[in-house]
Every structure is written in C-alpha cells, then in structure tokens.
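Engineer: Sequence:
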Amino acid sequence: MDNVDAQELAKFSALAHRWWDPESEFRPLHQINPLRLEWIDGLANLAGKTVVDVGCGGGILAEAMARRAAAVTGIDLAARPLGVARLHALEAGVANVRYREIAAEGLAAEQPGHFDVVTCMEMLEHVPDPASTVRACAAMAKPGGWVFFSTLNRNPKSFLFAIVGAEYVLGLLPKGTHEYARFIRPSELARHARDAGLQMQGMRGMEYNPLTRRYWLSANTSVNYLLACRKPA
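Residue numbers are given in this note's numbering: position 206 of the sequence shown equals residue 622, and the series is strictly consecutive.
Note that these hints are calculated values from the structure, not bench results.
Here are the computed lysine-lysine pairs in the BS3-like style, where the Cα-Cα straight-line distance is at most 27 Å:
(1) Lys-558 x Lys-465
(2) Lys-427 x Lys-573
(3) Lys-427 x Lys-591
Let the sequences and hints guide you as you build the complete structure.
Structural biologist: Here is the structure:
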C-alpha cells in the first residue's frame with residue numbers, strides 16, 4: 417500500500433487551482449522557494465543533473481529547478497495538483513520537467529540509484545510513515561548523489577509559530593494545514609537519514625518576520641528546517 421494519507425491528498429487537491437497564485441494559500445511556498453532553490457543549487461549544482469522532487473504538488477520547486485537546467489521529474493499522489501503543474505510548465509515553456517502520479521516508494525523500486533539529486537520538501541509531515549519516504553529517497557539517489565529534506569520541528573515554539581501563528585493568527589496557511597503530532601525533530605530526521613544509509617552534509621533553519629513578511633535561512637532550526645545529505649559514493 418502507498419504511504420499516503422487520503423485526507424491530506426484531498427486537502428491539497430481542493431486548493432490545486434490556486435497553487436500558482438502568489439497571493440493565495442500557497443504564498444509561503446512562493447516566498448520560500450528562492451531560498452530553498454539557492455541552497456540546493458549551491459550544494460548540488462543543478463545544471464545538467466537528473467532530479468526528482470518528491471511530493472511536488474503543483475510544481476513550484478520542480479519547475480524552478482528545471483529552469484536551472486536540471487532534468488526534473490516531479491512526483492505526487494494528488495492528481496489535481498499534478499494537472500496544474502503540467503499545465504503551468506506547458507504555458508511557461510519549461511520542457512525539461514515531467515510529472516508522474518506515483519509514490520516515492522514506487523519510483524524507488526522502479527528506478528533505484530537513478531537520480532543525481534532528490535528533493536523532498538514540506539512533505540514528510542504529511543505522510544503516515546516519514547521513515548519510509550526517507551528510505552525511498554535514499555534508494556532513488558545515485559551513489560554520491562544529494563538528498564534534501566525540509567520539514568517542521570516538534571516543540572512548543574513550532575506549535576505556536578507554525579500552527580497558532582501561521583494558520584490562526586496571521587492566516588499564512590489554511591487552518592488545518594499541519595498536524596502537530598506529525599512534526600519531526602531534527603534528531604529524528606537525522607536518524608531516519610542515517611538508517612537509510614545517508615550521510616548528513618548540513619542543516620539550516622528557516623525564519624520568518626511577520627512585520628516585514630520576509631523569510632531567511634539561519635542556524636535556528638527550532639521551527640522550519642532543511643537537511644542536506646549525500647549517499648556514499
């Protein structure tokens with residue numbers, strides 16, 4: 417069975433038509449995308465690489481990586497966001513990105529060791545078994561390949577900022593976007609990565625100032641954070 421939560425798929429599918437509206441519920445994804453793109457590209461040098469974006473949704477990151485001259489495959493199990501992603505890429509003339517409705521575990525079985533770069537951003541907190549997704553991402557990477565994750569820390573501050581603040585006070589995200597119990601501590605994600613045979617290369621936090629409406633990367637991993645790993649050559 418796929419490692420998927422049907423309610424999570426339905427939640428994001430219902431908003432699929434708004435995915436590329438930078439003032440919609442997906443505004444935070446549009447705002448953080450340049451930050452995560454630069455971080456990934458700075459480490460992995462995307463040009464000419466084969467890339468898979470796991471849990472790609474409407475394709476915001478996948479299309480941005482394709483614009484950096486990578487050959488990108490975006491995968492998701494929500495059909496409507498994938499349809500939006502395909503249409504946007506077609507309208508934007510981005511030819512080196514394709515989308516498939518398949519689970520990470522399914523693609524890992526189909527194409528093990530195939531990709532130079534694997535990204536799995538803002539997705540682990542939405543699946544029942546994040547360790548399974550991490551293992552699949554590791555399996556898809558070539559020896560020496562890069563694997564990137566981002567998710568939310570689990571502590572009182574992240575509950576206050578990511579759920580109470582972002583969803584209920586500031587309205588940055590729709591209410592119910594996140595479930596606190598599914599947040600993942602950095603130590604837990606690092607353990608999943610090590611168990612999957614990956615070697616940690618770096619971790620960055622992501623912060624937000626509600627007054628200036630600006631995001632930036634920092635050493636503070638108490639709420640949002642990103643993890644870079646490599647598969648041993």
